[in-house]
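> The primary structure of each chain is shown beneath.
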Amino acid sequence: MNNHGTTTITGGNDASVFERQQERMKWQQEQSFLIVNDHQLPNIMLSSMQPFQGLVGNIKPDPGMENGWPNFSNGCDDQFPPLMADQNTSKNSSLVSLSPKKRKACENLKLKEVSKEKEDKDKKIKGCSEVISTENSSKGKSKVTEIKKQDFIHVRARRGQATDSHSLAERVRREKISERMKYLQELVPGCNKITGKAGMLDEIINYVQSLQKQVEFLSMKLAALHPRLDIDIDNLITKEMFEVSTLGYSSEMENSTYFHLNSLLEMGNNQIDMMLRKSIGGPVSIPETFVVSSNCYNQMQPSVKWDAELQNPYRMEFQQESSALPYQPQKITGFYEGSNLKMEM
Amino acid sequence: MHSASSIKQKFLKKWIMGLQLCNSSKKNMTIMERRKAIKLSADLALASVRNYTTRWSRALVASASQNDDNQALLQHIIGSDAAKHKKASINVVANSTTSVAKKIASKKILKRSWGIRRVRKLSNGALKDPPYSIAKRLVKKRTQLLKNLVPGGESMDAISLIEETLDYMVWLRAQVDVMRSLARASERLDGK
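Chains Y and F are the protein sequences, given in the same order.
Under this note's numbering, think of the first position of the first sequence as 1, with each following residue one higher.
Under this note's numbering, think of the first position of the second sequence as 1001, with each following residue one higher.
None of these hints come from the bench; they were simulated from the model.
Treat the hints with care, as some may be off.
Cβ pair distances, simulated, as ranges [said to hold, decoys possible]:
(1) Arg174(Y) / Gln1020(F): 27 to 37 Å
(2) Asp230(Y) / Tyr1132(F): 55 to 65 Å
(3) Glu179(Y) / Ala1105(F): 44 to 54 Å
(4) Glu170(Y) / Arg1112(F): 16 to 26 Å
So the derived list for chain F, only partly shown, Cβ under 7 Å to chain Y, looks like this [what the hints assert, rightly or not]:
(5) Ile1016
(6) Cys1022
(7) Leu1138
(8) Val1139
With a straight-line Cα cutoff of 30 Å, these simulated DSS-like cross-link-like pairs (lysine-lysine) come out [claimed, not checked]:
(9) Lys1026(F) / Lys1013(F)
(10) Lys1103(F) / Lys176(Y)
(11) Lys213(Y) / Lys1027(F)
(12) Lys1141(F) / Lys176(Y)
(13) Lys1141(F) / Lys1111(F)
(14) Lys197(Y) / Lys1036(F)
(15) Lys1141(F) / Lys1108(F)
(16) Lys1107(F) / Lys1136(F)
(17) Lys221(Y) / Lys1140(F)
(18) Lys176(Y) / Lys1111(F)
(19) Lys1013(F) / Lys1039(F)
(20) Lys213(Y) / Lys1036(F)
(21) Lys1036(F) / Lys176(Y)
(22) Lys197(Y) / Lys1147(F)
(23) Lys193(Y) / Lys221(Y)
(24) Lys1036(F) / Lys1107(F)
(25) Lys213(Y) / Lys1111(F)
(26) Lys1140(F) / Lys1107(F)
(27) Lys221(Y) / Lys1026(F)
(28) Lys1010(F) / Lys1027(F)
(29) Lys1136(F) / Lys1103(F)
(30) Lys182(Y) / Lys1026(F)
(31) Lys1036(F) / Lys1026(F)
(32) Lys213(Y) / Lys1140(F)
(33) Lys1103(F) / Lys213(Y)
(34) Lys221(Y) / Lys1102(F)
(35) Lys1141(F) / Lys193(Y)
(36) Lys182(Y) / Lys221(Y)
(37) Lys1136(F) / Lys1108(F)
(38) Lys197(Y) / Lys176(Y)
The beta-carbon is built from N, C-alpha and C at its ideal position, and this holds for glycine as well.
Throw the hints in and build the complete structure from the sequences for me.
Here it is as structure tokens:
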């Protein structure tokens, strides 16, 4: 069985192969140990620049090692263990820091190896990697250094548990980030078509910057309008209803500008509710105050429709601001709300 | 539905309260001073309405408290919440710039050590994949930009940064809406 192995390996020198062979004998009892073992074989090949397909052809796996070969993909996954059934996308995201050779290697094996209880094996990897690292240290440093010369990535795998949990954590972290980017995509207007972190981040930055600039601009405008900073809020509310009525949407149809203001504020409301509703399952920092009111309301708002509605009134708002259209007389529909505010104050 | 507009009302109320305080304290402010006061009151009102549960709201308050001139305003808007949010007020103090700077410095040291390790290991040229490294650089640059934009974002890691941005965006939007409607209403009133 092992002769089979020695005769076909051409990459390393004999001494190292022999040592490895001995190791292999020892480890063949435990299936999971073969993971690390099999790292050695193809990695040597890789470093010696043989095409990977040739590698598979050269080294005919002996029956004892049969388990080892399928495990290689798991071993490959040892560095980037897949946690979910969705292999491809996660694989793509996780293989980013590998060299192209190694990436191809992993992907090739991936094609061969269909998901074979990977999660169990991952757990075994986790459990056994500790053992592997202790074994490694007991064997002395010569082996490690030797392998270091041949393939650095291998050493990283050998570091054991640290690497494992590190790569696992990396994966979890990446998935969290992409999940939250999706929320952001819905919030920021006009981000449906943009994929990829950099573009999305760009849009988000633009959006936040524009909002902050609007705040600045509006505060300047208010400062100009009120020479003495005495904003007579009661007067404002009674004369010009600017507080939104959340009901009675249709009654404002007659006045298009007001409608747009309302719809914009409405969208703002929806937005906040929807957003907070979604994120309730996630981070703790999102306030719980919205939970009560948002149940009945948000499920019915499809995000696509919301998005379209949002963009149109939003843009028209801008246009109106810039062109300074004269406003038509308002219908005081939200007087109820206004009077509420009055009573509060 | 109702909650969102009530949030806006609360914000408006606090904001106006702050403005009235400013008005009573100083007479004959220049336009710049007025603008600053308006913006400051708006920011503090926003933070207080958010109940200081988010990092950005606390950071807003912390940065405002750096400036001694704002003490009265702070006391007025935030002081009433202190009883309710004792924890939050402690956090506000804790979020002062010195501790933030320390956090940033320690994170940088950690990152540098990771980076050195990586460079040594991957010196075989694993990083020579141009499209990937360019993308990574872009993303890093932009996250840095975003950190500068979101208040208190400097000492956050990527995940919490995105969460904070989400939250901040929504509430900032609400702030803009209220300010805009107030400005429009004032304009209309003055126009007549």
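> Each hint should be assessed against the structure and marked as holding or not.
Hints and how they fare:
1. Arg174(Y) / Gln1020(F): 27 to 37 Å: The hint (27 to 37 Å, Cβ to Cβ) is violated, given that Arg174(Y) and Gln1020(F) are roughly 49 Å apart.
2. Asp230(Y) / Tyr1132(F): 55 to 65 Å: holds, 58 Å
3. Glu179(Y) / Ala1105(F): 44 to 54 Å: Violated, since Glu179(Y) and Ala1105(F) (Cβ atoms, about 30 Å apart) do not stay within the stated range.
4. Glu170(Y) / Arg1112(F): 16 to 26 Å: Holds, since Glu170(Y) and Arg1112(F) (Cβ atoms, about 19 Å apart) stay within the stated range.
5. Ile1016: At 5 Å from the nearest chain Y Cβ, Ile1016(F) passes the 7 Å test, so the hint holds.
6. Cys1022: holds, 6 Å
7. Leu1138: holds, 4 Å
8. Val1139: holds, 5 Å
9. Lys1026(F) / Lys1013(F): Answer holds: Lys1026(F) to Lys1013(F) is near 20 Å, not above 30 Å.
10. Lys1103(F) / Lys176(Y): holds, 23 Å
11. Lys213(Y) / Lys1027(F): Cα-Cα ~27 Å, so holds.
12. Lys1141(F) / Lys176(Y): Roughly 20 Å between the alpha carbons, so the hint for Lys1141(F) and Lys176(Y) holds.
13. Lys1141(F) / Lys1111(F): Holds, because 15 Å separates the two Cα atoms, which is no more than 30 Å.
14. Lys197(Y) / Lys1036(F): Given pair Lys197(Y), Lys1036(F) is violated - Cα atoms ~35 Å apart, limit 30 Å.
15. Lys1141(F) / Lys1108(F): holds, 15 Å
16. Lys1107(F) / Lys1136(F): holds, 19 Å
17. Lys221(Y) / Lys1140(F): violated, 36 Å
18. Lys176(Y) / Lys1111(F): holds, 21 Å
19. Lys1013(F) / Lys1039(F): holds, 14 Å
20. Lys213(Y) / Lys1036(F): holds, 14 Å
21. Lys1036(F) / Lys176(Y): violated, 38 Å
22. Lys197(Y) / Lys1147(F): holds, 15 Å
23. Lys193(Y) / Lys221(Y): Distance ~35 Å between Lys193(Y) and Lys221(Y) Cα, so the pair is violated.
24. Lys1036(F) / Lys1107(F): violated, 34 Å
25. Lys213(Y) / Lys1111(F): Roughly 33 Å between the alpha carbons, so the hint for Lys213(Y) and Lys1111(F) is violated.
26. Lys1140(F) / Lys1107(F): holds, 15 Å
27. Lys221(Y) / Lys1026(F): Given pair Lys221(Y), Lys1026(F) holds - Cα atoms ~20 Å apart, limit 30 Å.
28. Lys1010(F) / Lys1027(F): holds, 26 Å
29. Lys1136(F) / Lys1103(F): Satisfied, since the Cα-Cα distance of roughly 23 Å is no more than 30 Å.
30. Lys182(Y) / Lys1026(F): violated, 47 Å
31. Lys1036(F) / Lys1026(F): Status holds; Cα separation ~13 Å.
32. Lys213(Y) / Lys1140(F): Holds - the C-alpha atoms of Lys1140(F) and Lys213(Y) are around 24 Å apart, at most 30 Å.
33. Lys1103(F) / Lys213(Y): holds, 29 Å
34. Lys221(Y) / Lys1102(F): violated, 39 Å
35. Lys1141(F) / Lys193(Y): holds, 22 Å
36. Lys182(Y) / Lys221(Y): violated, 35 Å
37. Lys1136(F) / Lys1108(F): holds, 17 Å
38. Lys197(Y) / Lys176(Y): holds, 13 Å
When each numbered hint is compared with the structure, violations occur for hints 1, 3, 14, 17, 21, 23, 24, 25, 30, 34 and 36.
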